[in-house]
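K.L.:
Residue numbers (this note's numbering), protein chains in the order written: chain A, 365 to 907; chain B, 1051 to 1475.
A few of these clues could be false.
What the hints assert, rightly or not - Heads up, simulated DSS-like pairs for lysine-lysine below, C-alpha to C-alpha not over 30 Å straight-line: (1) B:K1101 / B:K1115; (2) B:K1465 / A:K669; (3) A:K501 / B:K1101; (4) B:K1268 / A:K501; (5) B:K1268 / A:K625; (6) A:K529 / B:K1115.
Stated by the list, open to error - Chain B is nowhere near these chain A residues, computed Cβ spacing over 12 Å in every case: (7) A507; (8) A619; (9) K625; (10) L691; (11) A694; (12) H705; (13) R712; (14) W771; (15) G783; (16) L812.
Derived by calculation from the structure, the hints in this document are not laboratory data. We put the CB at the ideal spot given by N, CA and C, even for glycine.
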Amino acid sequence: MTVTHGSGLRPGRRGSGGAASGGGGARPGARRHQTSTRAAGPGSTAATLGRVLALGLIIGVALWAAAPLVSAGNWVGVGIVAVVTAAALYVYLSPRRLPAKYLLPTTLLLLAFQVFPVLYTMSLALTNVGDGHLGTKQEAIAAIEASSVRREAGSAEYRLTVAEKGGALVFLLADPARRRAYAGTEDGLREIGGATLGSGGRVTAAEGYTVLTPAQAAARGDEVGSLAVPVDGGAIRAQGLTRAYEGRATLAYDAGCDCVKGDGRAWRADDEQGRFTAPDGSALPQGWKVGVGWSNLTAAVTNPKINTHFLGVFAWNLFYAVAVVGLTAALGVAAALVLHHPRMRGVRIYRTLIVLPYAMPAFAMLLVWRDMFNTDFGLINRMLGLDVDWLGTPLTARASVLLVQLWLGFPYMFLVATGALQTIPAEYLEAAQVDGASAWQRFRKVTLPLLLLALAPLLVSSFAFNFNNFNGVFLVTAGGPFPSDNPMVGATDLLITYTFRLAFGQQGAQYGLASAISIYVYLIVAVISVIGFRRTRAFKEVS
Amino acid sequence: MRRSLVALAACLTLTACGGGTATEKTPGNADATPAGQAASSATLTIWADQKRSDTLKPFAEAFAKENGIKAEVVVVAQNQQQTFVTASQAGKGPDVLVGAHDWIGNLVQNGLIEPIQMTEDRLSGYVDVARRAVTYDGQVYGVPYAVENLALYRNTDLAPEAPKTFDELVATGRKLKEAGRVKEIVGYPVSQQNGQSGDTYHIYPLYTSGGGHLFGTKSNGDPDPADLGVGTPASVAAFEKIAALGEKGAGALKRSFTSDNSAAMFAEGKTAFMVSGPWRLAEVRTAGVKYDVTPVPPFKGGEPARSFVGVQSFFVASKGKNKALAQEFVTNTLASDDVAKALFDAEPRMPALRTALEYASAKDPDVAKFEAAAKDGVPLPAIPQMVAVWQPFNALIHSVVKGDPVEPAVKAAGKAIAEQLGQAG
Chain A
365 MTVTHGSGLR
375 PGRRGSGGAA
385 SGGGGARPGA
395 RRHQTSTRAA
405 GPGSTAATLG
415 RVLALGLIIG
425 VALWAAAPLV
435 SAGNWVGVGI
445 VAVVTAAALY
455 VYLSPRRLPA
465 KYLLPTTLLL
475 LAFQVFPVLY
485 TMSLALTNVG
495 DGHLGTKQEA
505 IAAIEASSVR
515 REAGSAEYRL
525 TVAEKGGALV
535 FLLADPARRR
545 AYAGTEDGLR
555 EIGGATLGSG
565 GRVTAAEGYT
575 VLTPAQAAAR
585 GDEVGSLAVP
595 VDGGAIRAQG
605 LTRAYEGRAT
615 LAYDAGCDCV
625 KGDGRAWRAD
635 DEQGRFTAPD
645 GSALPQGWKV
655 GVGWSNLTAA
665 VTNPKINTHF
675 LGVFAWNLFY
685 AVAVVGLTAA
695 LGVAAALVLH
705 HPRMRGVRIY
715 RTLIVLPYAM
725 PAFAMLLVWR
735 DMFNTDFGLI
745 NRMLGLDVDW
755 LGTPLTARAS
765 VLLVQLWLGF
775 PYMFLVATGA
785 LQTIPAEYLE
795 AAQVDGASAW
805 QRFRKVTLPL
815 LLLALAPLLV
825 SSFAFNFNNF
835 NGVFLVTAGG
845 PFPSDNPMVG
855 ATDLLITYTF
865 RLAFGQQGAQ
875 YGLASAISIY
885 VYLIVAVISV
895 IGFRRTRAFK
905 EVS
Chain B
1051 MRRSLVALAA
1061 CLTLTACGGG
1071 TATEKTPGNA
1081 DATPAGQAAS
1091 SATLTIWADQ
1101 KRSDTLKPFA
1111 EAFAKENGIK
1121 AEVVVVAQNQ
1131 QQTFVTASQA
1141 GKGPDVLVGA
1151 HDWIGNLVQN
1161 GLIEPIQMTE
1171 DRLSGYVDVA
1181 RRAVTYDGQV
1191 YGVPYAVENL
1201 ALYRNTDLAP
1211 EAPKTFDELV
1221 ATGRKLKEAG
1231 RVKEIVGYPV
1241 SQQNGQSGDT
1251 YHIYPLYTSG
1261 GGHLFGTKSN
1271 GDPDPADLGV
1281 GTPASVAAFE
1291 KIAALGEKGA
1301 GALKRSFTSD
1311 NSAAMFAEGK
1321 TAFMVSGPWR
1331 LAEVRTAGVK
1341 YDVTPVPPFK
1351 GGEPARSFVG
1361 VQSFFVASKG
1371 KNKALAQEFV
1381 TNTLASDDVA
1391 KALFDAEPRM
1401 PALRTALEYA
1411 SAKDPDVAKF
1421 EAAAKDGVPL
1431 PAIPQMVAVW
1441 QPFNALIHSV
1451 VKGDPVEPAV
1461 KAAGKAIAEQ
1471 LGQAG
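Work out the full structure, taking the sequences as your base and the hints as a guide.
P.N.:
This is the structure:
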């Protein structure tokens, strides 16, 4: 799906871009081509040196990348590194295969940053991954058993010394109250004589046992943690390296019934939901990751909680994206035209000022705007002497997020339009003038169509970006204001902010559901973009 | 062209690494675990925020030296809980984590922290609310070191007497406002920092004083998600009282108030009262305002105003590589009096350990005042179901303070919370 979309997208963009720059674009390209064949010619020593360096670099980086993969035994990763390196050597070690020199990195980047994430998202959407369902069933069982060990109320705490006898781990336990020493193994506890107690009440030496240093004990940490010395009604376990306590595991996994038993109850493994459930419907908190098939994808469509508000949010989302694109483009083009006028003075200063919002970090600017809209303390109300509840009523909040995004987005359109204006030959306009066209007609019939050739593809991508402009809404209004009869969907919510709350606002993060919803959002944007790019080609035919 | 060739090669090989590492993760989850366990190097890794990290470093180094191992304190400044979950799951998490007690529910359901076994004797060395906060499902999951809760800051020049009820506070504030001595009645953070959603944490004292509650209590002391208090008649009554203070009522509570601008108003003397926590102490002192700290007063004839208590704690990671060492470090070194005092010296937050609390109270009289304010406090619920509460409750606060009809708003929020809990339960 993505592959076709991605590759379908690129030629479209390039085609129209090339057409926009018109005849001017072809010449530098040809010159570049000549230079490259000359510099990379077989006779040049510099070229040979360059190639040797590049070869070394490629191999060096490949080795650097492969080493940790080999040590981790990740042969798939090693294979990928090998294939990529071989392809790189094949393509770059020859003066020929020029198109491949450009295509290879693009393709690899496309695979790594487009195709892989999309496939990974899709695979996540088919699982229940999320808080409480992150790991495997074994991990869940281990966690359940570990957290079920409870200290015997009122039992004594032992001072622990980790020792060894014949390679097997032994707990040397001292009971400070009774000043007695014991040796504990898996077989049980037995009192030992001839033990030396240190100042802290711990055994420092005992006949027949080798006391381990803390570092040695730490190196065998897993054994220390799993050793349970059985005593009446429970077991003595280590708490760190110097203390031990008597406790009892209240829950235990029974492979026979595939359930967790304890307290006279049983929780049966539910491999469809990935958790242990009791007949009364209660479940243990620790679950595991399972495949859930299409249920996340169907939930997004059938679950009334998700789809009830879908249409309303979608309509505003569409309006927001279209309005932002339209407004930024209009303002950007207007500003570019004004500064393009030959009699305009101080063009550089104005250009710098206009580009400033684009140069500032959007993240911080969004937060600044948010505070400027504050009713009682915000700059806007104070400066204008108003008392408008900007972000508190649906209409003003929507206007506010549009205004903020207009401010952030128009410099980009301005830059592009300024560039495109330079490529429109003055002769066209002069010819129109000679034919008696008014200023408006010249703009409408000559400048605008030529400008749109350059702008149209950017408008489509700007639309796709703003359709998912999470920051632009979330940081300013957080989706609000929320109507009092429905706290789950706000007036400025985009699909992405709305679903973010759905997927992360319930029982913690639900990555599976979030992935499923993001696939839908992706499909919507893809469809709209494809339609948009079709329209872009229509512009090209006009010219 | 030579240059571009090299650049291309570099870019290409970088891509190769990108592709390599990306694919490494997917199969790695399944088969890299046993290989990873074999290579155990004894480096104790501790994750903390900047301030805690500076304080803990010498203790970690001393512990490492004493035990012949290495220790590393890593600063994780942002998003600590989520980073910990992700990193632990990938096998790259720390051995010890410093964080807030209300993470416990989520971390336990993900199987990422270990219970810490302490004798009753040792536990009784901690203040009650801290002990309750780190106990989850009957088990202690963290060693507490500091307690934070809300209190009322008062400008003693403007309001020499501490108000006994919130109604009295509003009356005093209004008089001062009418006399032109202050701009606002009280600096009460109604909104979160984004200004766009209500602040459940700060409103909770008024909500409880009005008779509301979020969850009931289970027999083991945990909050009971089956007993939801939002949407009940008591919660409607509580919000009626809050609405009376709101924008269409007394005008004491406004949606434009956030924690930051409330503090700024208080520091500039533009309000006589502020509801905030010990984290504002330094700022208030720097501003040179004459102040006093008292518990948040209840409504006249109402229940006590209970503030949420957050307890900063040390956790032992289940998936750490040196669990035994981590347990040792947390239960012996970090639980010590010295560490608690050092942490207090670095930032004046009320220590959870009684001996350190005495030390702190002697050094700083405000600590005892915050301790008094914590008396009626309840630990911030640590159950994972709390996530379902925040958004609807935050939106509810805004609706009510704005002046929308109270009952339908409370009912709608209650329904939204119940739906979210139901879907997951």
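K.L.:
Evaluate each hint against the coordinates.
P.N.:
Verification of the hints:
Taken as a hint, the K1101 of chain B and K1115 of chain B pair is honoured in the structure, with Cα atoms around 22 Å apart against an allowance of 30 Å. Distance check on the hinted pair: K1465 of chain B and K669 of chain A sit about 12 Å apart at the alpha-carbon level, within 30 Å; holds. The straight-line distance between the Cα atoms of K501 of chain A and K1101 of chain B is roughly 38 Å, outside the 30 Å bound, and the hint therefore fails. A hinted pair counts as satisfied when its Cα atoms are at most 30 Å apart, and K1268 of chain B with K501 of chain A qualifies at roughly 28 Å.
This hinted pair checks out: K1268 of chain B and K625 of chain A have alpha carbons roughly 22 Å apart, not beyond 30 Å. The straight-line distance between the Cα atoms of K529 of chain A and K1115 of chain B is roughly 26 Å, inside the 30 Å bound, and the hint therefore holds. The beta carbon of A507 of chain A is not kept farther than 12 Å from every beta carbon of chain B, the shortest such distance being approximately 3 Å. Residue placement check: A619 of chain A keeps its beta carbon more than 12 Å from all beta carbons of chain B (closest about 19 Å).
The claim that K625 of chain A lies off the interface holds: its Cβ sits roughly 17 Å from the closest Cβ of chain B, which is beyond the 12 Å cut-off. With a least CB separation of 22 Å from chain B, L691 of chain A remains clear of the 12 Å interface cut-off, as annotated. Annotated as non-interface, A694 of chain A keeps its C-beta farther than 12 Å from every C-beta of chain B; the closest such distance is 28 Å. With a least beta-carbon separation of about 38 Å from chain B, H705 of chain A lies farther than 12 Å from that chain, consistent with its non-interface assignment.
No beta-carbon of chain B is positioned within 12 Å of the beta-carbon of R712 of chain A; the least distance is around 30 Å. Its beta-carbon lying about 18 Å from the closest one in chain B, W771 of chain A satisfies the requirement of being farther than 12 Å from that chain. Once the 12 Å rule is applied to beta carbons, G783 of chain A is consistent with being away from chain B; the minimum gap is 23 Å. L812 of chain A, annotated as away from the interface, keeps every beta carbon of chain B farther than 12 Å; the closest lies near 37 Å.
The structure does not agree with the numbered hints 3 and 7 stated previously, though it agrees with the rest.
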